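Respectively, the protein sequence lines represent chains A and B. The first sequence maps to residues 1 to 208 in our numbering. The second sequence maps to residues 1 to 627 in our numbering.
If you are wondering where the hints come from, they were derived from the structure by calculation, not from laboratory data. Be a bit skeptical, because a hint or two may be false.
[Stated by the list, open to error] Below 20 Å or equal to it, Euclidean Cα-Cα: the simulated EDC-like pairs (lysine to aspartate or glutamate) are: (1) A:Lys-97 <-> B:Glu-580; (2) A:Lys-97 <-> B:Glu-12; (3) B:Lys-548 <-> A:Glu-182; (4) B:Lys-583 <-> A:Glu-170; (5) A:Lys-106 <-> B:Glu-546; (6) B:Lys-619 <-> B:Glu-539; (7) A:Lys-135 <-> B:Glu-589; (8) B:Lys-372 <-> B:Glu-510; (9) A:Lys-132 <-> B:Glu-510; (10) A:Lys-132 <-> B:Glu-539; (11) A:Lys-4 <-> B:Glu-546; (12) A:Lys-4 <-> B:Glu-323; (13) B:Lys-139 <-> B:Glu-215; (14) A:Lys-132 <-> A:Asp-164; (15) B:Lys-230 <-> B:Glu-212; (16) A:Lys-97 <-> B:Asp-247; (17) B:Lys-139 <-> B:Asp-247; (18) A:Lys-132 <-> B:Glu-215; (19) B:Lys-139 <-> B:Glu-348; (20) B:Lys-344 <-> A:Glu-169; (21) B:Lys-344 <-> A:Glu-182; (22) B:Lys-228 <-> B:Glu-212; (23) B:Lys-619 <-> B:Glu-521; (24) B:Lys-344 <-> A:Asp-34; (25) A:Lys-106 <-> A:Asp-89; (26) A:Lys-179 <-> B:Glu-546; (27) A:Lys-97 <-> B:Glu-546; (28) A:Lys-189 <-> A:Asp-129; (29) A:Lys-106 <-> B:Glu-539; (30) A:Lys-135 <-> B:Asp-590.
[As the list claims (entries may be wrong)] Derived coverage of chain A by chain B (criterion: at least 3 residues anywhere in the stretch with Cβ under 8 Å from a Cβ of chain B; other residues may be distant): (31) 21-29; (32) 185-193.
Predicted, not measured: the structure shown is a model, and the values here were computed from it. Positions of the beta carbon are idealized from the N, C-alpha and C atoms, including for glycine.
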Amino acid sequence: MPGKFNILIAGVGGQGVLTLGSLIAWASTLSGIDVTVAETHGLSQRGGSLTVHVRLNNNQTPLIPPGEADLLIGLEAIEAVRYSYYVGDRGILVVNKLRLPPPLTKPPSLRELEEGLRRAFPGRVYFYDAEKEAKQLAGSALFSNVLLLGYSLGVDGRFRSLLDPARVEEAIQLIFSRKTAEANLRAFKHGLSQGLSVAAGGAGGHPG
Amino acid sequence: MGNEAIARGALEAGVCYFTAYPGTPSTEIVESIGEVANEVGVIAEWSVNEKVAYESAYAAAIAGVRSLTAMKHVGVNVAADILMSSGYAGVKAGFIVVSADDPSAHSSQNEQDNRWYGYLAHIPVVEPSSVRDAYRLIKTAVEVSEKYNQPVMFRTTTRVSHSRQYIELEGDISASRSCRGFFDKDISRWVLIPAHARRLKERVVKLWRSIEEAEWGPPLAEIYNPGKKKVVIAPGIAFAHVAEALDRLSAWGDVTVLKLNLTAPVPVKPVLNAASEASEILVVEELDPVVELHVRAILNKHGVRAIVRGKDLIPEEGELSLERVLPGVAKFLGRDFAIPQTAKLVEEARIPPRPPVLCPGCPHRLTYYILKTAANKLRLRNVIYTGDIGCYTLGYQKPFETQMTCFEMGGSIGVAHGLSKVVEEPVIAVIGDSTFFHAGIPGSINLVYNNGRAMIVVLDNYTTAMTGHQPHPGTGLTATGSKAPVVELVEVLKSIGFSVYVINPLHIRESLDTAVKALEEYLRGGRVAIVSRMRCSLEAARLSREMKVSLPVYAVDEDKCTGCMACVNLTACPAIIVPENSKKPVILEDMCLGCGLCAYVCPYKAIYVKKPGGEGWEKLYTERTIS
Numbered sequence: 001m002p003g004k005f006n007i008l009i010a011g012v013g014g015q016g017v018l019t020l021g022s023l024i025a026w027a028s029t030l031s032g033i034d035v036t037v038a039e040t041h042g043l044s045q046r047g048g049s050l051t052v053h054v055r056l057n058n059n060q061t062p063l064i065p066p067g068e069a070d071l072l073i074g075l076e077a078i079e080a081v082r083y084s085y086y087v088g089d090r091g092i093l094v095v096n097k098l099r100l101p102p103p104l105t106k107p108p109s110l111r112e113l114e115e116g117l118r119r120a121f122p123g124r125v126y127f128y129d130a131e132k133e134a135k136q137l138a139g140s141a142l143f144s145n146v147l148l149l150g151y152s153l154g155v156d157g158r159f160r161s162l163l164d165p166a167r168v169e170e171a172i173q174l175i176f177s178r179k180t181a182e183a184n185l186r187a188f189k190h191g192l193s194q195g196l197s198v199a200a201g202g203a204g205g206h207p208g
Numbered sequence: 001m002g003n004e005a006i007a008r009g010a011l012e013a014g015v016c017y018f019t020a021y022p023g024t025p026s027t028e029i030v031e032s033i034g035e036v037a038n039e040v041g042v043i044a045e046w047s048v049n050e051k052v053a054y055e056s057a058y059a060a061a062i063a064g065v066r067s068l069t070a071m072k073h074v075g076v077n078v079a080a081d082i083l084m085s086s087g088y089a090g091v092k093a094g095f096i097v098v099s100a101d102d103p104s105a106h107s108s109q110n111e112q113d114n115r116w117y118g119y120l121a122h123i124p125v126v127e128p129s130s131v132r133d134a135y136r137l138i139k140t141a142v143e144v145s146e147k148y149n150q151p152v153m154f155r156t157t158t159r160v161s162h163s164r165q166y167i168e169l170e171g172d173i174s175a176s177r178s179c180r181g182f183f184d185k186d187i188s189r190w191v192l193i194p195a196h197a198r199r200l201k202e203r204v205v206k207l208w209r210s211i212e213e214a215e216w217g218p219p220l221a222e223i224y225n226p227g228k229k230k231v232v233i234a235p236g237i238a239f240a241h242v243a244e245a246l247d248r249l250s251a252w253g254d255v256t257v258l259k260l261n262l263t264a265p266v267p268v269k270p271v272l273n274a275a276s277e278a279s280e281i282l283v284v285e286e287l288d289p290v291v292e293l294h295v296r297a298i299l300n301k302h303g304v305r306a307i308v309r310g311k312d313l314i315p316e317e318g319e320l321s322l323e324r325v326l327p328g329v330a331k332f333l334g335r336d337f338a339i340p341q342t343a344k345l346v347e348e349a350r351i352p353p354r355p356p357v358l359c360p361g362c363p364h365r366l367t368y369y370i371l372k373t374a375a376n377k378l379r380l381r382n383v384i385y386t387g388d389i390g391c392y393t394l395g396y397q398k399p400f401e402t403q404m405t406c407f408e409m410g411g412s413i414g415v416a417h418g419l420s421k422v423v424e425e426p427v428i429a430v431i432g433d434s435t436f437f438h439a440g441i442p443g444s445i446n447l448v449y450n451n452g453r454a455m456i457v458v459l460d461n462y463t464t465a466m467t468g469h470q471p472h473p474g475t476g477l478t479a480t481g482s483k484a485p486v487v488e489l490v491e492v493l494k495s496i497g498f499s500v501y502v503i504n505p506l507h508i509r510e511s512l513d514t515a516v517k518a519l520e521e522y523l524r525g526g527r528v529a530i531v532s533r534m535r536c537s538l539e540a541a542r543l544s545r546e547m548k549v550s551l552p553v554y555a556v557d558e559d560k561c562t563g564c565m566a567c568v569n570l571t572a573c574p575a576i577i578v579p580e581n582s583k584k585p586v587i588l589e590d591m592c593l594g595c596g597l598c599a600y601v602c603p604y605k606a607i608y609v610k611k612p613g614g615e616g617w618e619k620l621y622t623e624r625t626i627s
């Protein structure tokens with residue numbers, strides 16, 4: 001099948017991991033892509049470690065095999081590292097500059113996490129402060145996820161060639177209520193343009 | 001989503017009556033029906049438990065109305081009594097029991113394989129391989145049920161129930177469904193006294209043979225590439241993994257594949273047809289070797305000599321995936337295979353596990369703190385807390401450890417009773433509101449009747465939280481969102497004979513005093529129950545957004561904070577973190593939901609309300625009905 005592409009979304013239960021998976025699924029469907037999404041529900045959603053597997057044009061097993069993700073979207077840095085073994089040879093990592101330590105633990109610092117990823121995946125790691133951008137743009141961290149999706153489409157030309165950002169905009173209007181849709185659209189476009197400018201070599205930090 | 005596909009397919013098949021008790025991964029089936037039930041003219045109910053859910057839907061089917069009941073795998077255990085009887089008596093209209101199994105126990109206490117129930121009860125089991133399959137096969141399952149006048153189990157696993165795919169709809173939702181039934185007073189069929197049961201058993205044995213021997217083809221048994229020496233049999237979701245494994249090995253041409261979606265009974269003819277030239281057969285299935293054992297029996301009975309492999313090559317425990325199936329399939333075919341190298345980071349070693357935790361603002365955190373502190377005040381050092389199924393099970397973790405057992409729904413109370421008969425320590429059963437209605441009431445009655453020495457604590461958060469906030473009999477709402485009478489659990493406990501103390505854990509000091517009084521009465525030999533009433537904080541947060549009434553947000557005053565970490569260590573609240581290079585905690589404003597426990601426990605009064613809640617915010621947490 002043409003244009004196979006695997007996206008792993010990793011985060012903490014409650015961050016909107018499932019919603020982001022759903023958004024990509026809707027956008028893919030609107031683009032005529034055969035998409036399969038595998039979610040985890042229930043207990044795992046209560047602040048636990050959580051992943052959603054999104055497979056474009058891979059219509060067999062719903063789970064991405066380790067080492068075969070083309071894109072990892074990390075909504076939180078510890079979880080991005082935890083699931084980084086899913087990332088394939090050419091895979092790209094877009095990671096939120098956010099570290100939420102599980103209660104009563106002492107995980108590595110954000111810098112250590114970032115350096116570890118850059119060593120393991122040289123030239124393919126993008127750290128992005130989605131929370132800061134979301135707060136500046138829309139006054140709430142709730143919009144971080146669409147920013148990260150926009151940013152991912154911006155930096156990842158292969159992803160963008162499969163999934164037209166215009167379809168994501170349609171999907172945002174489809175799945176969010178009118179009021180949040182507007183803010184989400186703005187956030188998405190902002191993330192996209194920042195991603196595009198980074199990919200074009202603009203300011204905002206080259207991948208390490 | 002797979003569950004939505006099942007709901008849609010069932011509506012197209014003319015199912016009129018849907019019942020369930022919520023349970024991951026089955027919940028969205030009846031939840032999504034509830035959203036459209038009034039519009040399409042069907043009945044959707046959250047039942048008090050799976051037994052009642054099964055009974056209600058089964059009753060419709062014996063009165064000639066198509067029905068469906070959905071439950072998680074362990075829910076079928078609760079319904080097992082009526083399930084067995086329904087296998088004897090059969091049905092007069094299509095009747096489906098969806099069993100949503102949870103291999104790897106993502107959100108369950110075990111990973112039992114419910115296909116065995118099909119064999120135990122003589123109920124055919126249809127098992128889809130994908131979301132698309134689920135949509136089509138639920139309709140086939142209704143047809144099978146009506147053809148044989150027998151209940152059919154529709155068995156999914158997590159990766160079917162909770163995956164999403166695009167589906168092209170193939171049918172309309174019939175507007176002309178007849179949802180009125182007729183109860184035929186066929187006493188010899190519906191009254192399972194021994195004489196009737198013995199005769200019905202003859203019916204069911206004959207029926208089972210005829211299903212086994214029937215001419216099954218697609219969509220329930222489909223043979224690809226017949227006539228090869230090597231045969232792979234792949235039931236349910238395993239077919240998806242096998243298909244991808246064969247893609248990768250470029251091996252579709254070398255094997256005959258039987259995609260099997262009827263797994264109880266294993267149909268004889270498709271197996272014999274697939275095995276016509278076979279020297280070696282591999283059964284790839286998730287969990288137990290159910291199909292494997294039956295394939296062996298069929299081949300043996302028909303004198304077919306072929307080596308059958310299965311659980312020697314495919315893992316028996318845990319969910320299957322490509323990387324767990326590919327090595328076994330490759331070995332079976334004598335092929336080399338490549339699994340991609342995966343990157344290993346040094347940092348991974350230092351990544352702490354992240355088990356689920358109580359959310360910020362969670363009422364259970366407050367209640368657990370109050371219970372433990374009250375026990376400490378009375379110098380009770382060895383309290384045994386028995387536990388139950390719900391978000392509050394997470395209290396097994398430090399710093400609470402107020403869940404010391406967790407076996408099954410409602411078990412906290414029976415286990416507390418039994419322990420109270422054989423140990424000296426105080427025993428407290430901790431159970432949620434929905435779980436109390438589900439299976440806690442008989443245990444409570446037993447405790448009083450048999451003079452148990454345990455205390456009960458009911459955590460009433462006005463919802464079935466863990467499965468995504470479904471209403472229950474104590475909430476005043478139904479599955480379709482309409483109003484219902486409130487079954488007041490305080491009155492239930494009182495009528496059983498308990499002295500009931502109600503606390504609002506948002507008021508910590510007051511609740512603590514009440515809890516001490518309750519414990520004192522308990523220690524004097526009283527029959528005591530505490531009901532802790534406060535809405536789930538996720539629901540309070542949702543209401544806060546909808547009604548534009550903000551919840552308070554707390555902050556740490558850096559000047560007063562000494563870095564003693566009491567707030568971190570006593571609450572384990574995910575909204576409190578210690579930033580890198582800092583010795584003092586901070587509260588993440590976006591996450592704080594204003595419960596105030598951290599401020600209460602801070603010995604230096606260093607935590608203060610940074611943003612006060614909007615007018616009447618407390619009602620979002622405490623009022624049962626918010627309009």
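Do the hints match the structure? See the list:
no.: 1; hint: A:Lys-97 <-> B:Glu-580; verdict: holds, 13 Å
no.: 2; hint: A:Lys-97 <-> B:Glu-12; verdict: violated, 47 Å
no.: 3; hint: B:Lys-548 <-> A:Glu-182; verdict: holds, 18 Å
no.: 4; hint: B:Lys-583 <-> A:Glu-170; verdict: violated, 46 Å
no.: 5; hint: A:Lys-106 <-> B:Glu-546; verdict: violated, 36 Å
no.: 6; hint: B:Lys-619 <-> B:Glu-539; verdict: holds, 12 Å
no.: 7; hint: A:Lys-135 <-> B:Glu-589; verdict: holds, 12 Å
no.: 8; hint: B:Lys-372 <-> B:Glu-510; verdict: holds, 15 Å
no.: 9; hint: A:Lys-132 <-> B:Glu-510; verdict: violated, 40 Å
no.: 10; hint: A:Lys-132 <-> B:Glu-539; verdict: violated, 26 Å
no.: 11; hint: A:Lys-4 <-> B:Glu-546; verdict: violated, 40 Å
no.: 12; hint: A:Lys-4 <-> B:Glu-323; verdict: holds, 18 Å
no.: 13; hint: B:Lys-139 <-> B:Glu-215; verdict: holds, 18 Å
no.: 14; hint: A:Lys-132 <-> A:Asp-164; verdict: violated, 26 Å
no.: 15; hint: B:Lys-230 <-> B:Glu-212; verdict: violated, 24 Å
no.: 16; hint: A:Lys-97 <-> B:Asp-247; verdict: violated, 38 Å
no.: 17; hint: B:Lys-139 <-> B:Asp-247; verdict: violated, 29 Å
no.: 18; hint: A:Lys-132 <-> B:Glu-215; verdict: violated, 63 Å
no.: 19; hint: B:Lys-139 <-> B:Glu-348; verdict: violated, 47 Å
no.: 20; hint: B:Lys-344 <-> A:Glu-169; verdict: violated, 36 Å
no.: 21; hint: B:Lys-344 <-> A:Glu-182; verdict: violated, 40 Å
no.: 22; hint: B:Lys-228 <-> B:Glu-212; verdict: violated, 24 Å
no.: 23; hint: B:Lys-619 <-> B:Glu-521; verdict: violated, 30 Å
no.: 24; hint: B:Lys-344 <-> A:Asp-34; verdict: violated, 31 Å
no.: 25; hint: A:Lys-106 <-> A:Asp-89; verdict: violated, 30 Å
no.: 26; hint: A:Lys-179 <-> B:Glu-546; verdict: holds, 12 Å
no.: 27; hint: A:Lys-97 <-> B:Glu-546; verdict: violated, 29 Å
no.: 28; hint: A:Lys-189 <-> A:Asp-129; verdict: holds, 15 Å
no.: 29; hint: A:Lys-106 <-> B:Glu-539; verdict: violated, 30 Å
no.: 30; hint: A:Lys-135 <-> B:Asp-590; verdict: holds, 10 Å
no.: 31; hint: 21-29; verdict: holds (count 4)
no.: 32; hint: 185-193; verdict: violated (count 0)
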